[in-house]
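**Q** Listed below, chain by chain, are the residues.
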Amino acid sequence: MTEAQYNPNDPAYLASRALDEELPAEERRRLDAALAESAELRVEAGELAGVDRLVKRWAGDGPELDWENHARLVSDRINSDVDEGDLAQVDRLLTRWGQDSAEIDADRFTAEVMQRVCAADQRHPRRNLLLRLAVPLAAAAAIVVAVTGPFRQTTAPSTVSQVAFRPIVQAAALPQTTSIVQFDRTAVADATPGSEDSSLSILIVGSSPLPRAFEEVPPA
Amino acid sequence: MEQTKAAETSLVERARGGDSAAFADLVRAYQRRAVSVAYRLLGNVEDAGDVSQDAFVRAYRCLEQLDDPARFGSWLLRIVSNLALNYRRARSTRAAASLDDDLALPSNIRNPSTVQRSVGLAPDEDGVLPAELRGGIQAAMEQLPEKQRLALILFSVEGLPQKEVAEILECTVELVKWNVFQARKKLKESLREYL
Numbered sequence: 142m143t144e145a146q147y148n149p150n151d152p153a154y155l156a157s158r159a160l161d162e163e164l165p166a167e168e169r170r171r172l173d174a175a176l177a178e179s180a181e182l183r184v185e186a187g188e189l190a191g192v193d194r195l196v197k198r199w200a201g202d203g204p205e206l207d208w209e210n211h212a213r214l215v216s217d218r219i220n221s222d223v224d225e226g227d228l229a230q231v232d233r234l235l236t237r238w239g240q241d242s243a244e245i246d247a248d249r250f251t252a253e254v255m256q257r258v259c260a261a262d263q264r265h266p267r268r269n270l271l272l273r274l275a276v277p278l279a280a281a282a283a284i285v286v287a288v289t290g291p292f293r294q295t296t297a298p299s300t301v302s303q304v305a306f307r308p309i310v311q312a313a314a315l316p317q318t319t320s321i322v323q324f325d326r327t328a329v330a331d332a333t334p335g336s337e338d339s340s341l342s343i344l345i346v347g348s349s350p351l352p353r354a355f356e357e358v359p360p361a
Numbered sequence: 034m035e036q037t038k039a040a041e042t043s044l045v046e047r048a049r050g051g052d053s054a055a056f057a058d059l060v061r062a063y064q065r066r067a068v069s070v071a072y073r074l075l076g077n078v079e080d081a082g083d084v085s086q087d088a089f090v091r092a093y094r095c096l097e098q099l100d101d102p103a104r105f106g107s108w109l110l111r112i113v114s115n116l117a118l119n120y121r122r123a124r125s126t127r128a129a130a131s132l133d134d135d136l137a138l139p140s141n142i143r144n145p146s147t148v149q150r151s152v153g154l155a156p157d158e159d160g161v162l163p164a165e166l167r168g169g170i171q172a173a174m175e176q177l178p179e180k181q182r183l184a185l186i187l188f189s190v191e192g193l194p195q196k197e198v199a200e201i202l203e204c205t206v207e208l209v210k211w212n213v214f215q216a217r218k219k220l221k222e223s224l225r226e227y228l
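One line per chain: the protein sequences are L and W, in this order.
Residues in the first sequence are numbered consecutively from 142, following the working numbering.
Residues in the second sequence are numbered consecutively from 34, following the working numbering.
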């Protein structure tokens, strides 16, 4: 049904307003004259009055609730809303903290890693092959830390880092304790040098201030 | 009337200052009307209760945005109306997405005049409306455009003055009258069998 254009002179509109007893005398006279002339308008006015009666009877059938309980529920929600407000403040602080962490200079981080790895390479030439694999992987992992760090919710070790480094450490026949690599802001990965063979440990510290990168642990 | 407005203004001011007891008084004063408007828009008491609670919580959060504390009632009903219409739209979307939609809806909701015609209901002038007729009116109301439905509910059902309805709908009083007229015209067609 298309919407009718506003027409204040529509006789049916006057009839509708007459139901609400708000017609000024002049408009009342015009309506009466129109009703006297048009049987169709009289029918329409009668139907509009019938609709109004039905709607008003329908109105008498209002909803019933336990109003005291309803008011109490509103109060409870408002009070819990205050608590949620506090939690929201904590959440905002955490988000800001996460954003700070995201401001890692990935290039600088990678460069530091490279520098330390190269230094380790000079001291341990037998591990050249291992390090050639580890460097790009470490760089990639650094980027992963930089990009995804603030959005991570879990404190579990990064699957990416485990997948990336464990085979390398295993291939080098290093003790398992040296293979622990965690990209986690809250947990500090530990690498325990257990013997001369475990001189290379990969340690990523994720707590703020952000990573000092790979640490080389000197032979025991 | 002026006294009531003054008391309402005082309650709003106190609630703004963090007096939750003052806001609880506002809730008690307006909850019936809020639930009633939501019920007329949603046709379901439980949903109406939930929506009106949401409206009060939202009103409490946004109390600072209320320009004139004396108009708390109109402002609250605008929130109730908006939330109820949003809720209704979301509900319609969910219903439309359901593959069982046609089977789940009673036929009198899809086409109120069908059942009414076959059952041959007539309104009892003195008693309560028969349930089917009540449902038929509710369904016919739901077919009205939102502005017309709101205007008719607030003015004819809730009995609010046209000026207040205009405030709630953020339109002119003339437009309220016109929307009420248009709503009546449409209901005249969809409820013809009852007239």
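Certain hints may be false.
[Said to hold, decoys possible] In silico DSS-like links for lysine-lysine, alpha-carbon gap of 30 Å or less: (1) L:Lys197 x W:Lys180; (2) L:Lys197 x W:Lys38; (3) W:Lys218 x L:Lys197; (4) W:Lys196 x L:Lys197.
Since the hints were made in silico from the structure, they are not lab data.
**Q** Decide, hint by hint, whether the structure agrees.
**A** Here is what the structure says about each hint:
1. L:Lys197 x W:Lys180: holds (19 Å)
2. L:Lys197 x W:Lys38: Roughly 27 Å between the alpha carbons, so the hint for lysine 197 (chain L) and lysine 38 (chain W) holds.
3. W:Lys218 x L:Lys197: Holds, because 15 Å separates the two Cα atoms, which is no more than 30 Å.
4. W:Lys196 x L:Lys197: holds (20 Å)
When each numbered hint is compared with the structure, no violation occurs for any of them.
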